[in-house]
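Chain order of the listed sequences is A and B.
Residue 2 in my numbering is what sits at position 2 of the first sequence, and the numbering runs on without skipping anything.
Residue 1003 in my numbering is what sits at position 3 of the second sequence, and the numbering runs on without skipping anything.
Keep in mind that the hints are not guaranteed to be accurate.
Which stretches of chain B does chain A cover? Using the computed rule of at least three CB atoms under 8 Å from a CB of chain A, they are [what the hints assert, rightly or not]:
| hint | region |
| --- | --- |
| 1 | 1033 to 1047 |
| 2 | 1064 to 1076 |
| 3 | 1101 to 1109 |
For the record, the hints were derived by calculation from the structure and aren't laboratory data.
Virtual Cβ for every residue (Gly too), placed ideally from N, Cα, C.
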Amino acid sequence: GAGVSQSPRYKVAKRGQDVALRCDPISGHVSLFWYQQALGQGPEFLTYFQNEAQLDKSGLPSDRFFAERPEGSVSTLKIQRTQQEDSAVYLCASSLVPAEETQYFGPGTRLLVL
Amino acid sequence: GDSVTQMEGPVTLSEEAFLTINCTYTATGYPSLFWYVQYPGEGLQLLLKATKADDKGSNKGFEATYRKETTSFHLEKGSVQVSDSAVYFCAPSGTYKYIFGTGTRLKVLA
């Protein structure tokens, strides 16, 4: 079946704009993760959903970042009042069941804030 | 907190050379250990994993052994190909979230 998809693939925003990044996990996958990958760095955990419940949001860098997964499938990561330091690749991953440790990653959304 | 240290890159090798990329970690308990690979312009792909001490993960000629005593999970391949050029990430997973290293860029020359 299809893998994890993300949209848009690229996003350019002016500082202060709000952006919304979408993730479509693999069908039937219960767990969904967001990671932020700065240039030349490894991905860093942002938040974790099990179905529609956001169980961990400890990695969100500020209250400008908000994630939701209202129906337990598609997820949206929203960044309000974007800043230049938000420029990064945002990766979404999903796994089949909560105890399944293998995560399947999407291609990412590259966000550039000018 | 949990952390991982990877060999600094870039690593440049000739085709058919032997590859080692070192990875050590600190974690509470006994995490599962993963290697992911990121080819240019693509997302992260699982390369191999090991879930308990002394397990060996292997895939596409790559191998890594879970060494609890040295808290290491070094990646090896006996003969690299140009198509192996990518960034490699080591990641322990103690519960549900990965702790990624900074990545090691591998460049293989023909």
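Coverage assertion for the region 1033 to 1047 of chain B with respect to chain A, Cβ distance below 8 Å, three residues required: holds (count 7)
Would you say the region 1064 to 1076 of chain B counts as covered by chain A, given the rule of at least 3 residues with C-beta under 8 Å? It is violated: at least three residues are needed, and the region 1064 to 1076 of chain B offers just 0 whose Cβ sits closer than 8 Å to chain A.
For the region 1101 to 1109 of chain B, count the residues whose Cβ lies under 8 Å from any Cβ of chain A; is that count three or more? holds (count 3)
Violated hint: 2 only; the structure is consistent with all others.
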